[in-house]
Amino acid sequence: MGAMRMFAAAVVGAATLAVSPVAAHAVDRGDQKAACNSGEICFQYIWDGFSTSQYQRHFWYNDANHTDDQFGNTPDLYPLMDLDGNAKGIWNRDSSCAVTLYVSTSYRNGYATIARGKEQSISPWNQSHKRCA
Amino acid sequence: MKKKWCAVVAAAALTLGPLAACSDQGVGATPADAAGQQVEQPFAIFRGASLGAVDYAQLKVLNQCLADKGYPQNLQVMLAAPRNPFPQLIVTEKTFGPASEEEARRDGFGQDEPAIPPSVVSFDPNYDRASEQCSEDAWKKLSANAKKVYYSYFDLGNSLSMPFHLTVNERMGRARWTKLLSCLADKGYRTNDEDAFYRFPDPGLFGVPIGAGAEDPAASWTPKGVPGTVEVGPATPARKYRPSAQESDLAVAWFRCRRDTGIAKDQMDLVMQVQRGLVAKNESELTELNPQIEQIAKQAATLIGQA
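In order, the protein sequence lines correspond to chains P and E.
Residue numbers for the first sequence follow our numbering, beginning at 1 and rising by one.
Residue numbers for the second sequence follow our numbering, beginning at 1 and rising by one.
In case anyone wonders, no lab produced these hints; they're calculated from the structure.
Predicted model, so just to flag it, every value in this text is computed and none were measured.
Hints should not be assumed to be uniformly reliable.
Stated by the list, open to error - Some chain E residues flagged as far from chain P (calculated, every beta-carbon gap over 10 Å):
#1 L79
#2 T178
#3 D269
#4 E285
#5 T287
What the hints assert, rightly or not - Calculated pairs, SDA-like style, for lysine to any residue (alpha carbon to alpha carbon, straight line, at most 20 Å):
#6 P:K88 x P:P124
#7 P:K118 x E:M162
#8 P:K118 x E:G262
All residues carry an ideal CB built from backbone N, CA and C; glycine is no exception.
Please model the complete structure; the sequences and the hints are all you need to start from.
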């Protein structure tokens, strides 16, 4: 099954299920716009080099627990699908910091560091992230 | 003595010739050899401090350029000194949990956090254009190849970092983790996700909230987002970590079980093996990039007056 078909199937499947309630950290959704903009730390559900704005999660700051975060759909950013265990791409547009990704919550088990300005594919194992670690 | 041991270990274990020099990362709490000497770890070959120096200098030149164009915010809030962007490549016993009972009681599974600069966010396309131009100009001021080497060195760091924990955990083998689970169960701790524990043995899987104090107080900040403006978020000050009593109790059990099952020692032995393998796998990149990042770091320090 091609990546796009798998993606479509996942989206349909997720949409069919009862949609989860708004995440506890929904207010921390970057600039409330679908695109990954200047200053934001952006995670992507399907790695496509951020050529689309679908299913992203944006942060301004650290987050010790990705397990209560969800990707936002376009165009309304309605929360859909968990960030934890599903982010396959990141774009670090932070103004000052490299961003470290951790396999576990609360910044345990550092796994990768993403340079300022870098966009790249990542392992979906990322349960917390920190700026200027 | 550090230099001597470094050369011995690098030459004997890695046979990497040009890489058999000591790192700029520091030795850390490395394992001791049979004679009780501290032995530098293979990952010490990674020039994390040099990478941090390049990152800091480029950011400072970029931010000065922005200030000259009427946007002083970034320069005003940037850190006072460089940081190694890959602290996870400095592996100690503490990487896997507290290294003593005293540490377990005092720190739990956490650690003190350094200050983090505020986030500067733009709703001003003029600022965005100025920032992009200043960034490119800053790279060129460092050197013609600084940008390429910088990003290549991050890729190299991640080539060492990304497979590290997973490989160590796999080589430890399921039987050892079963032993640890059994020991913890005897002390009253049972994981709520055994599959996750075998995949990645983490103390956060035992139903005890840990790291609760590590949440960034600035994480809920929301900028006003007025078009044409640049906003500065709250800074995060340096913080002392204070574990809950529950977390400290689990940390003591975790330390004792790792010690009594022999897992703590076995894991640090494997750390050395896995690091050797990853360094050998990335030998050509280390050989090529180490002298380049060191040279650019020197030029960068001179450029910002910190040589």
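Structure-based check of all given hints:
1. L79: Given that some Cβ of chain P is not farther than 10 Å from that of E:L79, nearest at about 7 Å, it is violated.
2. T178: At roughly 20 Å from the nearest Cβ of chain P, E:T178 sits farther out than 10 Å, so the non-interface label holds.
3. D269: holds (19 Å)
4. E285: E:E285 is indeed farther than 10 Å from all Cβ atoms of chain P, at 16 Å.
5. T287: Check passes; 21 Å lies beyond 10 Å.
6. P:K88 x P:P124: holds (5 Å)
7. P:K118 x E:M162: holds (16 Å)
8. P:K118 x E:G262: violated (41 Å)
Violated hints for the displayed structure, listed by number in ascending order: 1 and 8.
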